[in-house]
Amino acid sequence: MSDGHPNGDGASEPRPRRRTTGAFGAPARPANWRELREAARRRLPAPLLGKILYLERLTVSFDGFKALNGLTMYVDPGELRCVIGPNGAGKTTMMDVITGKTRPDEGSAWFGARVNLLELTEPEIARAGIGRKFQRPTVFEHLTVFENLELAMAEDKRFWKALAARISAADRERIDEVLETIGLTEERRSDGRILSHGQKQWLEIGMLLMQQPELLLVDEPVAGMTPQETERTAELLLSLAGKHSVVVVEHDMEFVRSIATTVTVLHEGSVLAEGSMDAVQNDPRVIEVYLGA
Amino acid sequence: MTRTDRVFLGMLLAVVVVVPLLNLAVSPASPAHLSTYTVTLIGKYLCYAMLALAVDLVWGYGGILSLGHAAFFSLGGYAMGMYLMRQIGPRGVYGHPVLPDFMVFLSFKELPWFWLGFDRFPFALVMIGLAPGTLAFVFAWLAFRSRVTGVYLSIITQALTYALMLAFFRNDMGFGGNNGFTDFKDLLGFDLQEDGTRVALIVATILALAMSFCACRLIVSSRAGRVLRAIRDAESRTRFLGYSVESYKLWVFVFSAVMAGVAGALYVPQVGIINPSEFSPINSIEVVIWVAVGGRGTLYGAAVGAILVNYAKTFLTGALPEVWLYALGIMFVLVTLFLPRGLMGLVPAAARAK
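These protein sequences, in sequence, are chains A and B. Residues in the first sequence are numbered from 1 upward in steps of one, following the numbering used here. Residues in the second sequence are numbered from 1 upward in steps of one, following the numbering used here.
Nothing false has been slipped in among the hints.
A short list of chain B residues far from chain A (calculated; beta carbon distances all over 10 Å):
#, residue
1, P20
2, L21
3, P28
4, A29
5, I42
6, Y311
7, G318
8, G345
Listed next, with one range per pair, are the computed distances between beta-carbon atoms:
#, chain 1, residue 1, chain 2, residue 2, range
9, A, T121, B, E322, 49 to 59 Å
10, B, R3, A, K161, 22 to 32 Å
11, A, Q135, B, L142, 28 to 38 Å
12, B, T317, A, E119, 56 to 66 Å
13, A, N282, B, S146, 45 to 55 Å
14, B, G150, A, E124, 21 to 31 Å
15, B, P122, A, R103, 45 to 55 Å
16, A, D191, B, L125, 39 to 49 Å
17, B, L142, A, E119, 16 to 26 Å
FYI, nobody ran anything at the bench for these hints, they're computed from the structure. Even glycine gets a Cβ: it sits at the ideal position worked out from N, Cα and C.
Chain B with its partners taken away, still in its complex shape (with noise of 0.2 Å):
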């Protein structure tokens, strides 16, 4: 664990500390005082630096570039979204006892079988990481097994995902089509609409970061994730000494997707909402360009990128609506050509020079 890890970690530990203090402790009429609002923005800039957290660890280190790591993000947030569904019960607004509104609204006689056991957290809690995980297995078997790499490779994580969205904007596919799912009432019986909940939830996501960075860095650390980097830098020559290329990108892969769920299971409580067009290509596309704006193969920077990116997405479609995606096409030109390491590239420079 470097430096740089140890200062990281201790940001979110002082996260951790200073949010809920400053939203339950402090009174509302104090300045310092932090609304809920605020807390929840926070929350969700933290699920996407999970996510890129995921995805730097498969092309930074792996040399994978997934540009459908949103997808599994999604499927992650969609298994939450059915037991929050499910825990509606018939407080919904046509009140049937068991069938969520778009089910009873869409003529569902009854509930379908993938819905079963949603109503049980601990079922949907194992569906978040398995629902993910296993598309990401079976995706990975066969793009891995046939050599699909490079550009190849990212153009069909692309389809992977625009075919997921197009999926899910079906009704029939019994996911809410194009509304998805919302009006969620509560989790594990606590209103999502308590400040305390919401509390719960920014400390369980960075606690989730947490552990999932540490995770990261063991596998990268290891003699695995040399393995993994040489991979990136010589895949063939790395065949050559005996690695079975394939079953490291596999696995890598398998749990950055699991990884991105999770994140994504901690997302959708946080923001109310969760629809297909989270699985739109341009999300996927926007995580790669967090990544490289933090700095690829760090980690940390991956995590940095995902919060500043978004915290100028939120101030410049408030301020400058249509400006923003000008704004973002030239953040990333200009990291790419001036910053090929990233924001954090500047970092140990500026630590030496002092």
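Excised from the complex, chain A in its bound form (with noise of 0.2 Å):
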């Protein structure tokens, strides 16, 4: 599942088999992960070298309680990160940071080497390739299945062009392809509102499978799903692995470990440990805070 993506220190790599391209298992770099790496390789210093989001010292006060407590984090290209911790710990805050919503009093939040996301606007950052699935799934109530997907479509969002946007046959199959992923063809005229929790769930996940974005934040996938539903949304979201990157927040750590090669335990705002989900569940630490006695 997380075979081959790139992590960035090529440079220090002397093996020559590292070349090989088109190796069995090793088809997962983004489309553009040379474009990133030649962006980040003029920009920023040698260790950071690839990465598709860097925060780094986020610092988020709300009346004196720090949500987020210098923060650092790194997640590469095609990689799926599982993020955990207890509540209050700044997961959703952190979401809320690299989206726009909430500004940071100190730090610095980049996607890729070259879109500083704290000077944009949340519609700017969505367009410029990062999705976001809410804790509480927030479809359109009062519009279609098929209108919800086709709304969430990445293409040109300006008013003037919505005025006279039509639906493409293009833009019918993958939103067929995408009703058939998530399993709502059935569903495909009906509102929104009608949906049963889970099925909004997924139709959160499909729109943020129309944005196509090349991050995709994900809080809380699996709340409120059944055990089957929980399977397919760790098999869907493996298969979105390397061809997108993908954070997810979550409770559930029969989920986490399911799905996760890397896990970062956040804790009062900042990172507690970080590494393979093994590794961070024998961390003294961590038991400590957050897994519990």
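Taking the hints as your guide, dock the two standalone chains into a single complex.
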């Protein structure tokens, strides 16, 4: 699943085998990874080459309470990263900063090497290629499932363009494809409001797929899902990794274990530990604050 | 275009044929004759219907509860009124060749600069759209950019129309103060007291209403219209999909204001007067009640609501004047409680039952 994402330190890698292209099981680099890395090389210090997301020393305070406290985290292109942490650890605030909803007091947030997230508005960030799925599913209640997906589609989103926009055959095909993926083909003409909680979760994921973002932020995707649905979500997220970078915030440890290679543990607004699920679960500090006695 | 849309446009077509016929072709002695008074009354209702349509576009589809749309209506009306005043020329009571009566009375020495050009109809026509449109643009740009929404936005729209009312009440503003404009003589050379002119005005009103209706329908059934409904239901979610919510709301608000302005411009020559009380906050609130009674978010519901409520108003203020405001309030409460989708909420259900 997570095979072959560039980890950015190719320069220090002497093995000629690394250059092999088209080797078995190494197809997962994003199409523009060269570009991303080139841009990064020009602008950033060597240790940071080729990440898709750079969060550095982010601090956000609400009336003195530090929701984020010097949070630093990097995400590789094509990576599937899970972020866990107790309530109030700053997971949602972190997502808010990345998507432009909250401005940090300090620190920096870059999307790739070119996009300074702190200078953009929410719609600009979305158009730059960051999609977000909210914790509480928010679909458009009075639009049909089809229309929900249509609006999420990655196209020109300015008013005058939307006024004249037509759904092309290719658009329709793409929407049908996503409807198939999220299992809502039957409900395509139903209003968003009559969907079950699980279906709304799926529709939101479908909307993310339509957006075709480079980076997906997914807040508690399996909350309120049945075990079967959870399993399908895991499969879907795994299939997305590689083509897209995915950051998942989740409480369900079993789910996290089933999808994640790298887990970041947040605590009181900063990173407590980062590593494989096993390493993190055995970390005494993590056990103390989160996984509990 | 749905079946109900076609029914609505068909009804407008029927009015545009039947009203001139019954007024001009049927002899006044016949019981089928429609008096010019009634024609004008219907014309007035249709102007209100157009105003309601404008409010439904922003409220029913965009979720922007404007309690200040009568301001745009009145501005359009004042622009038309200025043209009509200039048309009077030397036929005023004081017989001044250029200055309207009220200016002579208030001892204006010359025409204020903003009255220049209003002697030409094309200029007035442009101002009818431009004045409310510009105000709406500036207002909406400031309000939406600061993300003022919900009840706060409604309150500032009330403040907007109230401020304009106070300004227009002032004599030295150059808009006739308290009395506004009246005693109009003719429009494009046609005598406003003539039956033919009255009929032409109602025909123009119906055409404007039908065209606005079609334009609104085009907007709300385009992708932009779906984005608008998305904004109404979940504004911040729409932002995260990459839509600049502010610009969508801004353009729709401006369009709606221009529509309200045109409605006001058609209203003034038919009722024969425009004064600052048209700006009064209660007027804008009444429009919202028409839309709610008819059924918001349907377009035709707004128009039907405006006509029905105003018919009830004409009837009740004639028969039992002291009852009207209570009736209006009770109607609003009942509709909100029992018909959340307005009278139009009944239509599809009834059609299905048959």
